[in-house]
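A.B. asks: The chain contents come next:
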Amino acid sequence: GQQVMQIPQYQHVQEGEDFTTYCNSSTTLSNIQWYKQRPGGHPVFLIQLVKSGEVKKQKRLTFQFGEAKKNSSLHITATQTTDVGTYFCASAGGTSYGKLTFGQGTILTVHP
Amino acid sequence: DVKVTQSSRYLVKRTGEKVFLECVQDMDHENMFWYRQDPGLGLRLIYFSYDVKMKEKGDIPEGYSVSREKKERFSLILESASTNQTSMYLCASSFLGGRWDNYEQYFGPGTRLTVT
Numbered sequence: 001g002q003q004v005m006q007i008p009q010y011q012h013v014q015e016g017e018d019f020t021t022y023c024n025s026s027t028t029l030s031n032i033q034w035y036k037q038r039p040g041g042h043p044v045f046l047i048q049l050v051k052s053g054e055v056k057k058q059k060r061l062t063f064q065f066g067e068a069k070k071n072s073s074l075h076i077t078a079t080q081t082t083d084v085g086t087y088f089c090a091s092a093g094g095t096s097y098g099k100l101t102f103g104q105g106t107i108l109t110v111h112p
Numbered sequence: 113d114v115k116v117t118q119s120s121r122y123l124v125k126r127t128g129e130k131v132f133l134e135c136v137q138d139m140d141h142e143n144m145f146w147y148r149q150d151p152g153l154g155l156r157l158i159y160f161s162y163d164v165k166m167k168e169k170g171d172i173p174e175g176y177s178v179s180r181e182k183k184e185r186f187s188l189i190l191e192s193a194s195t196n197q198t199s200m201y202l203c204a205s206s207f208l209g210g211r212w213d214n215y216e217q218y219f220g221p222g223t224r225l226t227v228t
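Going down the list, the protein sequences come from chains A and B.
Following our numbering, the numbering of the first sequence begins with 1 at its first residue and continues without gaps.
Following our numbering, the numbering of the second sequence begins with 113 at its first residue and continues without gaps.
FYI, nobody ran anything at the bench for these hints, they're computed from the structure.
The list that follows gives simulated cross-link-like pairs (lysine to any residue, SDA-like), each with its CA atoms no further than 20 Å apart:
1) B:K167 to B:S179
2) A:K59 to A:T20
3) A:K36 to B:E216
4) B:K115 to A:G41
5) A:K56 to A:Y22
6) A:K36 to B:Y215
7) B:K115 to A:G40
8) B:K130 to B:R224
9) A:K51 to B:Y215
10) A:K57 to B:E216
11) B:K165 to A:Y97
12) A:K36 to B:L153
13) B:K182 to B:T117
14) B:K169 to A:Q3
15) B:K115 to A:F45
16) B:K167 to B:L190
17) A:K36 to A:Q9
18) B:K183 to B:M139
19) A:K51 to B:G209
20) A:K36 to A:I107
21) A:K36 to B:G154
22) A:K51 to A:G66
23) A:K36 to B:R224
24) A:K36 to A:Q64
25) A:K56 to B:Y215
26) A:K51 to A:N24
27) B:K130 to B:V227
28) B:K115 to B:E216
29) A:K36 to B:G152
30) A:K36 to B:M200
31) A:K51 to B:E216
32) B:K115 to B:M200
33) A:K57 to A:A78
34) B:K183 to A:Y97
35) A:K36 to B:P151
36) A:K56 to B:E216
Here chain A is said to cover these stretches of chain B; the calculated rule only asks that three of the stretch's residues, wherever they fall, bring their Cβ under 8 Å from a Cβ of chain A:
37) 153-161
38) 214-223
Predicted, not measured: the structure shown is a model, and the values here were computed from it.
Glycine residues also receive a C-beta, built at the ideal position from the N, C-alpha and C atoms.
With these hints in hand, go ahead and build the complete structure from the sequences.
C.D. replies: And the structure:
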């Protein structure tokens, strides 16, 4: 099945620093979704990107979909302690009908 | 608000026991999913269902079965629990997408299962 590789696995930052996580695929993705899971919580949908080269912003979060639709990134500007958690990318495959393949996730720790 | 509920937050079972994990959603979603989450491995799909009585294997179906008798309810069954099935189990639901598109998934709070 379709696989998405996510890096890094862990990221420690000082509060106020920026953070980026990357999601890569060897095949073209039809779309990509991003989820956030707070410690002790469950994944919560953040956004979906569909178009080649698409960029979307949510306050301090910037999401990008590569021109070739094989990679995506999530960038957080000036991290806050509320940003801690695990960020997952997920993508549908050609036989999807709703099924997603999730990346391994990036665990973000923010030191005050 | 979409609500996905799971029958237990924590569960401790013995090796060889039959285990039922239940999930209920209240948004009339066609799709329902069972994942397990282990450190460093992300979310791995066990089974999903796109309609009542319909099911498809995910990436790691071995040792599990599922049941969907009603649209709102999706059960995960461990026929004979083993210690390597100790994990966090997450249920999710979504509307039915097309072949190349999909809708966001809504997750339940998870069940942390320990098999001793």
